[in-house]
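Visitor: Those protein sequence lines, which keep their order, are chains U and R. For the first sequence, full-length UniProt numbering begins at 1 and goes up steadily by one. For the second sequence, full-length UniProt numbering begins at 1 and goes up steadily by one.
Hints listed in this document are in silico derivations from the structure and should not be mistaken for laboratory results. A quick note: this is a predicted structure, and the numbers were derived from the prediction, not measured. Please note that a few of the clues may not be correct.
Repeated chains share a single entry, so a pair holds when one copy, or any two copies, can fit it.
[Claimed, not checked] Cut-off 20 Å, straight-line C-alpha distance, at most; resulting in silico cross-link-like pairs (SDA-like, lysine to any residue): (1) Lys-40 - Leu-181; (2) Lys-182 - Glu-157; (3) Lys-121 - Asn-93; (4) Lys-50 - Arg-60; (5) Lys-121 - Asn-100.
Protein chains: 2
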Amino acid sequence: MKTMKISEAVVRRLPIYLRYLTELQQREVLTVSSQDLGLKLDLNPAQIRKDLAYFGEFGRKGIGYDVAYLIQKIRQILKLNHQISVALVGAGNLGQALSNYNTYLKDNMKIVAVFDAHTPKIGKKINNLTVQPMEELEQTVRDHNVRIGIITVPAFEAQNVANAFVNAGVEAILNFAPVILKVPNHVRVHAADFTTDLLSLAYYLDNGKEDEEDGEEPMDH
Amino acid sequence: MKTMKISEAVVRRLPIYLRYLTELQQREVLTVSSQDLGLKLDLNPAQIRKDLAYFGEFGRKGIGYDVAYLIQKIRQILKLNHQISVALVGAGNLGQALSNYNTYLKDNMKIVAVFDAHTPKIGKKINNLTVQPMEELEQTVRDHNVRIGIITVPAFEAQNVANAFVNAGVEAILNFAPVILKVPNHVRVHAADFTTDLLSLAYYLDNGKEDEEDGEEPMDH
DNA sequence: TAGATTGTTAATCGATTAACAATC
DNA sequence: TAGATTGTTAATCGATTAACAATC
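Could you put together the complete structure from these sequences and hints?
Guide: Right, here's the structure in full:
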């Protein structure tokens, strides 16, 4: 596999390729072209070819890509050949919802522990996981070789949780709290705050409609 | 307000500015510089100034930005001056979790209806919303002037839900299902599938650690 | 006046797309 | 051989950053 600086945009697309390829495999499709992929994933075929070519020559001219082989390669690139252990802090509604995604994450990742700082939540069962107190985080992270942390606590607690994860040796964090976390350079953080996504959608609403429906939007007194 | 092509990257940052500015306002901070904002939000101050300057001259040289004024302006740009109505389809764990975010969305948006296609869910109470059957979607969307739809159903149902939203006149969709939706050009879709984010994090894991712990990762047979 | 900070231009950097020779 | 499709180069497009005159 070649080594060079890979752009973030490319890395963000790899899981999307992987997801669709897995679907193709289930449907017993053996081969796929960048054309097909582009159509399905709303991407330019040239971009897909270029993305994949960063990591090696995975296709065959005139034929396309072998689905099974490409899946294997992408999992290798993403370091998903061994299942990665994940821990989650914040056993609220969102945390509980995400804890149920193990079946979807399949062989790639597994949420192995759930923590919460607040007594009413501790000891509660979510799926087959018992909510643990924050005091056990460091030990559990080390014992299970947890490498990624998910944060689903309120904004004002998120930085503390991030610190705890970093201290425990977690290498990456997926942050659902609406706040920008400060972490050392060697720790990667992805923001997953859905309210940001939702509010930005408003920009694209059709302005024409604004005052269309009569009486729906009276002047402010 | 100037008119010109605004990049998606800029629009994605506006809600992040808005969020922090709102926090500043609650703390009764009156003025903020691009320097301050950049430090807090991990962005280049020049970028912040440029982002804002696309829409007008909101700051004062030598002083910075008036917090209240900038909030007002950003809400205007994002068309959040009137509360926007949102509907959600999929009353599973994730859907229920998101339905509870109204307090956080404040004056900006409001989830006004929740739908599900499956009888056991229908009639269920989530907060003060009753889960409605899909048959009522179109009418409810029109009655409440719902402009944004949220999809939290399994992947295989997501396209149907998107179609229903589009038919009902929804202008934008936030899609949590792990699938790429096909919609007409005038409808905006943002992907919010967290498994994609999570898997892409794996790429940034520290390779050095891979075979560090002895015996943890035996060779395949 | 001196210091701070904007708005904006120019320079740089990065990502996407088009085009096509190579080849299955 | 003819058609399809990759891998890759070059061209284009878009986003970020540096630098600084204007000015509070």
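Visitor: Each of the hints needs a verdict: does it hold here or not?
Guide: Against the structure, the hints:
In this assembly of identical chains, Lys-40 and Leu-181 lie within 20 Å of each other by CA distance solely across copies; the values are 9 Å between and 35 Å within a copy. In this assembly of identical chains, the alpha carbons of Lys-182 and Glu-157 lie at most 20 Å apart only when taken from the same copy (13 Å versus 38 Å across copies). When the C-alpha separation of Lys-121 and Asn-93 is checked against a cutoff of 20 Å, the pair qualifies both within a copy, at 11 Å, and between copies, at 17 Å. Taking identical chains as interchangeable, the C-alpha atoms of Lys-50 and Arg-60 lie at most 20 Å apart only when both belong to the same chain, with a minimum of 14 Å there against 45 Å between chains.
Proximity of Lys-121 and Asn-100 under a CA criterion of 20 Å is satisfied in both settings, with 17 Å inside one chain copy and 18 Å between copies.
Violated hints: none; the structure is consistent with every hint.
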